[in-house]
Amino acid sequence: MSLQYIGKRLFYLVVTAFVVSMIVFGITQILPANAAVMMLGEYATPDALAAVEERLGLNRPVAVQYLDWVWGILQGDMGNSLRTDLPVGPVVFEALGRSLILAGFALLSVIVIAIPLGVFAALNRGKKGDLFASFFSYVGISMPEFVLATLLLVVLSRPEIGLFPASGYVPLSEDFFKGLWHIALPVITLAIILTAHVMRMVRSEMIDTLQSEFVIAAKMRGLSKYTVLVHHALRNSLLPTITVLALDVGYLIGGIIVVEEIFAFPGVGRLLIVAVQERDLTMLQAGALVMSVTYSLVNLFADMAYAYLDRRIQYD
Amino acid sequence: MTRIRKLDRRKFFSTTAAVSVLGLTIPMWASQAFAAKRGGTLRISVNTSPSKLNPLLQRLSSEYLLGELLYSGLVRLGPNMEAVPDLAESWTSSADLTVWTFKLRAGAKFHNGQAVTANDVVTCLRAILDKKTGSPGRRNLGPIDSINEGAGGTVVIKTKVSYGDLPIAMAYTTAKIAPADIVSNDLERLSREAIGTGPFKLVSYEPDRLIVVEKNSDYFLPEYPYLDRVEVMVFPDQAAEMAALISGEVDVALQVPPAEYKRVSASSGIDGMRTKSGRFIDIVMANDRPPFNDRRVREALSLTLDRQAMIDFVAEGYGTQGNDVPVNEAYRHFRKVADKKPDIAKAKKLLAEAGYPNGIDLTLVASVKPGYRKTLAVTVREMAKAAGFNIKVETMPHGTYLKQVWKKGDFYVGFYNMQPTEDALFKLLFTSDAAWNETRWNNKDFDKLVESARTTTDVAERSKLYKDAQKLMSDDIPALVPVFFDLLGAKRNYVENFHLHPRGATFSLEKVSLGSGAPKR
Amino acid sequence: MIDILKRLVKQPQGLIGAILFSILAIAIIFGPMIAPYDPETFHFGSRLNSPSLDFWMGTDQFGRDIFSRLLWGARSTITLSLLATLMATVIGCTIGVISGYIGGRFDEIVMRFIDAAMAIPNLLFSLMVVTVLGSNATNAMIAIGIAFTPGMARVARSVTLSVRTLDFVAAADARGESGLWITAREITPNILASVIVEGTIRVAFAIMLLATLSFLGLGAQPPAPEWGLMVSEAREFMFKSGWTIFWPGIAIATVALTFNLLGDALRDVLNPKTH
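Residue numbers (the numbering used here), protein chains in the order written: chain A, 1 to 316; chain B, 1001 to 1521; chain C, 2001 to 2275.
Calculated from the structure, these hints are not laboratory results.
Even glycine gets a Cβ: it sits at the ideal position worked out from N, Cα and C.
Keep in mind that the hints are not guaranteed to be accurate.
Claimed, not checked - Each computed DSS-like pair below joins lysine-lysine, with the alpha-carbon atoms no more than 27 Å apart: (1) C:Lys2010 with B:Lys1262; (2) B:Lys1385 with B:Lys1158; (3) B:Lys1346 with B:Lys1336; (4) B:Lys1385 with A:Lys178; (5) B:Lys1369 with C:Lys2006; (6) C:Lys2006 with A:Lys127; (7) B:Lys1408 with B:Lys1385; (8) A:Lys128 with C:Lys2006; (9) C:Lys2010 with A:Lys127; (10) A:Lys128 with C:Lys2010; (11) A:Lys178 with B:Lys1520; (12) B:Lys1215 with B:Lys1511.
Said to hold, decoys possible - Coverage of chain C stretches by chain B, computed from C-beta distances (three or more under 8 Å per stretch; other residues unrestricted): (13) 2098-2110; (14) 2184-2190; (15) 2230-2238.
Same shape as in the complex, but just chain A (with noise of 0.2 Å):
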């Protein structure tokens, strides 16, 4: 794990983070045919429509506006909401932590949950308990968000039987088991869908591992079932694992954002929905950069654990 190999692929995220930028800003300024046309539909005055070019300064030659726009940037400026006139970095950024919170506790409730239940279904595959696991993975991961949240909404939050609160956003700082309760629909809407995902694959490369050279070796060397599970298979099969866990970042990055919007969670998904129903441009390009950046973070520190672990573990 040289510095030279954290240092090309620290560059590597930067490269990426530009053209991010690139995409996104492409999309929603230069993209529209008029992007005041866009933010103030077909019926504006003229009047009103020089006054946002004007203001966004969308007269411009297209690389002056983007680069106008990613100065701004670096030097910790991502301009004002078009809708409120304050700041948008600071409301993108607190937004963010709390969608991590979400997160993170979401990819806790998998790794628990999800890891298990994949070796436990590949142990006995074939067999009723693998049947009934791999049908709770299909069904899993062929769920919209929104079905899946409106469902557990409909189930749990009504009145009868009221098991958690339908949204709210508790800060767990003020009070952390109001706050998870709180968050418990939103957590286990995304958690089921992930599990659903990650179950899978766990159970497939536990297959595929169980079943190597190596593993097979250790059977006969008489090492017990669970040495082998534990010392062979399960770190084996932990390098895939985290693969998937980094690829599910971008399912919860996806999956979070229907989700905060149903359980009105005041995360940085429901922030996009927001920006984009109000046409606020400058708030959707700080979220988008914001939001797909931090995937290519989670990836790259993936990517670093892979390599860190497979080195480690490979040949035991």
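Given chain A, put chains B and C in place with the hints provided.
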């Protein structure tokens, strides 16, 4: 003198007709004979983001709520749509009702400690009337000629014509008073801070999530407010909002969707609240462009509507039929007519006469908030099909609708609160110089009737003029008004003295208290 | 071809997937003919009914028959998803194969771009595109197609890379065949298997993404019987009649499930390496 007007109203409303219309709300409003407990935090939910904190720029119910908590105007709207003192302690007018003098109450202070002076009032009102401020209330204050300070720290408002309704016009939701120096030099500040004279002070403002206000101990009515804090929680998702109310996280929900009303009010610990009102939904048509510049097309569309069915679909039964006039029994000079019925054959004939024998293609825009707009659009589409109208429905987020379509589009669904008077209503939406002249009907006869009514002091005469105006609307159909809504809200049973005012834009939370059973927060 | 189908059906996933797919095909082709009612007609007296003999799946808030709406909606939901995936596959593969074959600097640059595009979550990508193009079903389809293109390009490229080094490609090169010929005649048929598998699974995602966009009001417009839109509209009434949410929700999940099953089964059948 002004007293004539007020007495007339009170006399009218004390007759049985009015009482039966406004129901139980009057006795409750009138009596305050119970000992209210002090303290506690009230949680109230809204479903649109109050993105404008500056009271001069507010347009939504959730924003009016904040405006009322944090600011005061010269006057407020009382339970019977009459003007009630707020920052103005009393007022008088000249005999011809063109010069109005408002005496300010002594000792009122802004949240920053500054004393309220006539200069503040004059500056604010002038700012509202100034085009540059961009206030939605610019043309809702009446035919004002000038606003100046008068002798002895009073405010003198001169109107261009005799205008008996001036005090009520001053109760308009955006006519709030803020310090003169801020309004003149640093208006932007009011987008982030609230420096008013309201019963509450701003603590925190996150327009998409939560706004917190706390008791203003220097409020000029020392016995109010009863509450220590109010938390306004924003729920863009109505299902989540209702769930929060039922589970007890929210104490008051300002708007309950009709489909949920029965279930919500039947839930334990919750009181459903229902008030008849003049709130209405309409289909706005651009009268100055084809195809709706042809009256026959408008009438044809009107004839396709089965309004009774619409009350079911759109208001779930919690409403009354509209006959293309936005005035109903909740108003004083309501002209009762036979309910309009659908007639598809006639509609087809009219459409053919207007030049569309093979039908016509149209796009109807509906914002997604509240949900009844979409429902109405789909219903109109289905009903008008039979006569050859091929309507495509286009939904859009509320913010986009407000920015892009409202007051500008050709064909969209509008949704409006009741106004305190017919004059206010017509001058808001339907005269040529209306503040929100979205139909661009620009009917000279209608304008004349409304103008005359405005300056007439004889009540019977005035009533006739307004009824003539309504007949004109009903015949010419500048907009389709199929349904009036009852206001539906809900509160937990420990919330005391909260009522839904038919106007839909005033809430009087300073009079609300929490009784026994309220959770400690 | 028949051989592949036979092997497909031998697998449990393949079997179930194939059965479901046939049902779907029937629904798409014959849907409107089977549907007992017009999907837009209101039945004034029968709002929010539970399933009955008259209305097999019950009615919605306007009294419209849910079963008929599902059948009509199948067409738009599935067709649009297929088209979006097809678009992504064609464009993505072209990019991926060319990039993989040419290799070197060009490949590096293209891949940087693809990686960055994939850093943007699919939903977010389509949200941005739909905002710019306008909210309707067609634009939603285009948005999804664009969002999926980088993923397909990546898969196509990686398979191209492994195929490129095989003997028959070198042989073709030695024979002096042009790059274009090699790409078309030698490489493409060999990557088809992986592309088909990936594409099939992508359809499942396309369906869910399309439904999500419609749910957010950014796809199909009312009164279209698009399934995501149906769920969105039903939420207001879900406590009055859960059927309005249940049926379209299950439909979406079932269709996505079908393609997931098929995709997995195809992967096992077409790729002898895995099992």
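Quick rundown of the hints versus the structure:
no., hint, in the structure
1, C:Lys2010 with B:Lys1262, "53 Å, violated"
2, B:Lys1385 with B:Lys1158, "52 Å, violated"
3, B:Lys1346 with B:Lys1336, "24 Å, holds"
4, B:Lys1385 with A:Lys178, "52 Å, violated"
5, B:Lys1369 with C:Lys2006, "53 Å, violated"
6, C:Lys2006 with A:Lys127, "24 Å, holds"
7, B:Lys1408 with B:Lys1385, "25 Å, holds"
8, A:Lys128 with C:Lys2006, "26 Å, holds"
9, C:Lys2010 with A:Lys127, "18 Å, holds"
10, A:Lys128 with C:Lys2010, "19 Å, holds"
11, A:Lys178 with B:Lys1520, "15 Å, holds"
12, B:Lys1215 with B:Lys1511, "12 Å, holds"
13, 2098-2110, "violated (count 0)"
14, 2184-2190, "violated (count 0)"
15, 2230-2238, "holds (count 5)"
The structure fails hints 1, 2, 4, 5, 13, 14 (numbered hints given earlier, in ascending order).
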